[in-house]
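Just so we're aligned, residue 1 is where the sequence shown starts under my numbering, counting upward by one.
Calculated from the structure, these hints are not laboratory results. Just so you know, these numbers come straight off a predicted model, no measurement behind them. Glycine is no exception: its CB is placed at the ideal position from the N, C-alpha and C atoms. Incorrect hints may have been included.
Unchecked claim - List of simulated lysine to any residue pairs, SDA-like, C-alpha gap at most 25 Å:
| hint | residue 1 | residue 2 |
| --- | --- | --- |
| 1 | Lys82 | Glu18 |
| 2 | Lys145 | Leu4 |
| 3 | Lys8 | Lys163 |
| 4 | Lys90 | Pro153 |
| 5 | Lys141 | Ser124 |
| 6 | Lys145 | Glu168 |
| 7 | Lys82 | Leu63 |
To be verified - Ranges between beta-carbon positions, derived for each pair:
| hint | residue 1 | residue 2 | range |
| --- | --- | --- | --- |
| 8 | Asn92 | Asp2 | 21 to 27 Å |
| 9 | Lys125 | Lys69 | 17 to 23 Å |
| 10 | Arg51 | Phe187 | 20 to 26 Å |
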Amino acid sequence: MDFLDVLKERPVIAALREVESPPLGKLSNIGVLFVLGGDIFDVPRIVDQARRFGQLVFIDIDLVKGVGKDSSGVRYLATEGKVNGIITTKGNLIAGARRDGLSTIQRIFALDSESLAGGLNVVSKSKPDAVEILPGLIVPKIMTKIRSKTSIPIIAGGLITEKEEVEEILASGAVGVSTTSHDLLQFH
Numbered sequence: 001m002d003f004l005d006v007l008k009e010r011p012v013i014a015a016l017r018e019v020e021s022p023p024l025g026k027l028s029n030i031g032v033l034f035v036l037g038g039d040i041f042d043v044p045r046i047v048d049q050a051r052r053f054g055q056l057v058f059i060d061i062d063l064v065k066g067v068g069k070d071s072s073g074v075r076y077l078a079t080e081g082k083v084n085g086i087i088t089t090k091g092n093l094i095a096g097a098r099r100d101g102l103s104t105i106q107r108i109f110a111l112d113s114e115s116l117a118g119g120l121n122v123v124s125k126s127k128p129d130a131v132e133i134l135p136g137l138i139v140p141k142i143m144t145k146i147r148s149k150t151s152i153p154i155i156a157g158g159l160i161t162e163k164e165e166v167e168e169i170l171a172s173g174a175v176g177v178s179t180t181s182h183d184l185l186q187f188h
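All chains, full assembly: derive it from the sequences and hints.
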């Protein structure tokens, strides 16, 4: 199933930094996992556990140790890692990931107007399946500006701690919210 279809029904995404023993059983209501830590040896175990709960797994290729930040690393994740997709800040990895059958999420940091404009410019060239904007709290305030530049689905991540923030972000037009907060993972 396409991850964007999964997000329509379950828009809260579990972002896992600690991967030694991810509480996937407690996250059975979650449809998509972002793996933001660990190393290449953790990937098969996490993917196997997630599959038992019907969860899709995205690996942040920039943060998981031991995975080459190049086309070979992407190909490894697609063929041996059996992940559903990658997250990256690097636009040059997007096309290769798509060729290898992976869904793609490009992460951009909206630290100021210039970084947002630069990030959206890169996204317009790389054409990922979705864009994750950090910090996520800013998404409702900048969604009009984002939509004037791209129609690519938006995921908000970072600094989101309250249920009301999740609701506001989703109401603004974001397709998903990624969070490490266990309280928010029970929401939706």
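Here's how the hints hold up against the structure:
no. : hint                       : in the structure
1   : Lys82 / Glu18              : 20 Å, holds
2   : Lys145 / Leu4              : 22 Å, holds
3   : Lys8 / Lys163              : 17 Å, holds
4   : Lys90 / Pro153             : 18 Å, holds
5   : Lys141 / Ser124            : 21 Å, holds
6   : Lys145 / Glu168            : 17 Å, holds
7   : Lys82 / Leu63              : 18 Å, holds
8   : Asn92 / Asp2: 21 to 27 Å   : 24 Å, holds
9   : Lys125 / Lys69: 17 to 23 Å : 18 Å, holds
10  : Arg51 / Phe187: 20 to 26 Å : 24 Å, holds
When held up to the earlier numbered hints, the structure conflicts with none and fits them all.
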